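Trainee: Letter by letter, the chains look like this.
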Amino acid sequence: MDTIGLLSALPINELVFFINKVVIAGLIIGSIYALGAVGMTLAWGILRFANFAHGDLMTLGAFIAFMLTMAMPGLGAYVGLPTAFVVLPIAMAVTALVTILIDKTFYVPVRKTNPKPITLVIASFGVMLMLQGLIRLFFGTAPRQMYVGSKDIYRIPFAGRDIVITEPQVLLIVFTVVAIVALHLFLTRSRTGKAMRAMSDNADLARISGIGTAHVVRVTWIIAGSLAAAGGTLLAMDVSLKPDLSFNLLLPIVAAIIVGGIGQPYGAIVGGLIVGFTETVAVFNWAILLRPLKPHMPDWLELPANLTFVPTEYKIVVPFVILVAVLIWRPNGIFKGKVL
Amino acid sequence: MKVLELRTASLLVGLAVIVALIFIWQGNAYALRMLAEAGCLAIVALGLNVQWGYAGLFNAGIMGFIAIAAFGSMLISYPVNPVFWQSEAPGWLLRMALIIAIGGAVTVLLSRIDRYGVPRRIRTMLTIIAALATYMMAQNALTPAAAIIEQNSGFIGGFGLPVGLGWLVGGVFAAVLAWFIGRITLGLRSDYLAIATLGIAEIVKAFLKNADWLTRGTLTVSPLPWPVPTPNEIGFVVARAAYLSITAVLIVIIYVLLQRGWASPWGRMMRAIRDNELAAESVGKNVNRRLLEMFVIGNFIVGVGGAALITFGGIFDPSGFLPINHTFLVLIMVVLGGSGNNLGSIFGALLVYVIWTMSEPAALILFRYGADWLQNVFNIAPPDDLATRALQMRVFVIGLTIILVLRFAPKGLLPEKIVKYE
Chain G
48 MDTIGLLSAL PINELVFFIN KVVIAGLIIG SIYALGAVGM TLAWGILRFA NFAHGDLMTL
108 GAFIAFMLTM AMPGLGAYVG LPTAFVVLPI AMAVTALVTI LIDKTFYVPV RKTNPKPITL
168 VIASFGVMLM LQGLIRLFFG TAPRQMYVGS KDIYRIPFAG RDIVITEPQV LLIVFTVVAI
228 VALHLFLTRS RTGKAMRAMS DNADLARISG IGTAHVVRVT WIIAGSLAAA GGTLLAMDVS
288 LKPDLSFNLL LPIVAAIIVG GIGQPYGAIV GGLIVGFTET VAVFNWAILL RPLKPHMPDW
348 LELPANLTFV PTEYKIVVPF VILVAVLIWR PNGIFKGKVL
Chain S
55 MKVLELRTAS LLVGLAVIVA LIFIWQGNAY ALRMLAEAGC LAIVALGLNV QWGYAGLFNA
115 GIMGFIAIAA FGSMLISYPV NPVFWQSEAP GWLLRMALII AIGGAVTVLL SRIDRYGVPR
175 RIRTMLTIIA ALATYMMAQN ALTPAAAIIE QNSGFIGGFG LPVGLGWLVG GVFAAVLAWF
235 IGRITLGLRS DYLAIATLGI AEIVKAFLKN ADWLTRGTLT VSPLPWPVPT PNEIGFVVAR
295 AAYLSITAVL IVIIYVLLQR GWASPWGRMM RAIRDNELAA ESVGKNVNRR LLEMFVIGNF
355 IVGVGGAALI TFGGIFDPSG FLPINHTFLV LIMVVLGGSG NNLGSIFGAL LVYVIWTMSE
415 PAALILFRYG ADWLQNVFNI APPDDLATRA LQMRVFVIGL TIILVLRFAP KGLLPEKIVK
475 YE
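As given, the protein sequences belong to chains G and S, one line each in that order. At position 228 of the first sequence (counting the first as 1) the number is 275 in the working numbering, and the numbers step up by one without a gap. At position 281 of the second sequence (counting the first as 1) the number is 335 in the working numbering, and the numbers step up by one without a gap.
Please keep in mind that the hints were generated in silico from the structure rather than gathered at the bench. The hints are all genuine.
Heads up, simulated BS3-like pairs for lysine-lysine below, C-alpha to C-alpha not over 27 Å straight-line:
(1) G:362 / S:263
(2) G:151 / G:163
(3) S:465 / G:151
Computed from a prediction, not measured in an experiment: that's the story for all the values here.
Here chain G stands alone, though its shape is the one from the complex:
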């Protein structure tokens, strides 16, 4: 039998549909979660508190990129890339600066009193609300379109069908890969990166070995803020810019962090992808994949038209279930993070 005959025996339509709806969608949303989770997990491991304002930092970064895009919409045409992506480095730098300022003004005074970790969490709730209030105050609550012009759509032919992927999605995947490699080199090769890992492992030991705490904290916030801005902007480019994503982003990100183990950047990346894929798998209609099997099934077995694990409107349940399952069975996460 030649290959074409073999291929035609396979349910290509359904397979391509599956790739479009699950593999690509999961990769996209998983990358977003990973970008958010890496920064938050680093800060969590080093500063010993969960910064709940992280979801809103992502929104803030996206809005900064949005403002820059509106200020110079034609910029992208020179480079051949979307404007929002071209201005992304500036947005990242500004968000990193804002993050450091937030730390200086709001967290440092609380941290000085040597409080329980939960006090800092409450402070981060305060920061979260202030960011939310300001963002909605200036930009209103309606979603906006970040993309100038129409999106390029790439169709990759695959056995007679097209795998569809858009330009912002390609950019997102490329950016995530580059960011992860860069972060890896930074953490393993540079002095500051090693100091960060040391401090995440044991803060007191790091301090008495002469590692400058203030410097490490600053670098941590820079990484967290810039990656948050990148994640928020790339998400807004792919879908739309919503001012009220806060918890919808925060919950999967925290789930990703806990899956990967707190303070483990690689764990956060894996966790982000796990959470992303689980979400898409859970809301996928599996009946479509079973349809080709229909001729081979006995008549009494009726195929339901809709066979999803979780209805789309309950998507937020998925990260929660993952979170609870990990907390019960592996509270350290799969990468053996800390139990603080």
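On the provided structure of chain G, position chain S as indicated by the hints.
Mentor: Relative to chain G, chain S alone:
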């Protein structure tokens, strides 16, 4: 009885003066509505104080507990829907309940078979399979029932029982939910409880919003019956005053019970656990069990207060539950008032609610002023939706208040009095 301290007394008098000014400025009906809502929130704040102030448990999902309690109260007190009871839908629902009961029992039994020598791995697998099968079957039973109900009768209606019973059942709903969450997360560190409660609140909201057959979803249910005659019957001022007096009585009852509890050996044990878990455990206290107890009791009170709050609003709208209105507002009430002090929680509830309601008109005045200034000096036209934007100022003000309190009065305005045993 001990005379109030000067600090407490002056703060209370100051608050009373502010409230009196609002009565004069905004009129009786407005001020009474504010007070009645603040009263309901004070009950919620007392519940949170049990958890955060006395047990050190950080509940970031009060919204979810308020929502489920409001649903319970609505279910009990809303008038009966005869169309639903005459249709075949109750039979379908009964079938679903049976499936859940049997499936749940099988799942629980399977989760225990490792006690009879079955390897744990197989047990876990069987349990998960049983749970999934139950879930799928229950969903299959529900789909036709939900379709029938939504087509014929809108939603299942209520039971038409007294409102007071509704509030009680609402509190029980919240307490049961709290028991499940507490069982999972109380052994872990405090951040995890915050995340878990935050998540469960969003899930409860998503459920109530989408289960149209049960709650009418986005169509909302109104008017909710009141425990006192409604404004339509006796006018706004009298009706709201009557409602306010009911909440005041509830506050007094809960306050007295809690104060008695704290003075008892039980309360002492709870403080011991909060201040030093290890020491408490070493003298034989079952820490996790006690914490679970506090979490459940606290959420029961939260539920009663929440049910009262939503009943006062008169409309059950699942989309209307917002983290800022129903979680963080209460949190700041307890922290500002002084966690661990019940009087502080009540005081904080009133003060924060006054700030909350007044920050919108205040921001609007400020915005109008700023807009005029922009117009005159720079000739920039202000955006025309100033009113909706001023509403967002409240979010910012609450966030700022949290930060300021943590910075300048981390123990609150009326700090807990440390009891000394000589």
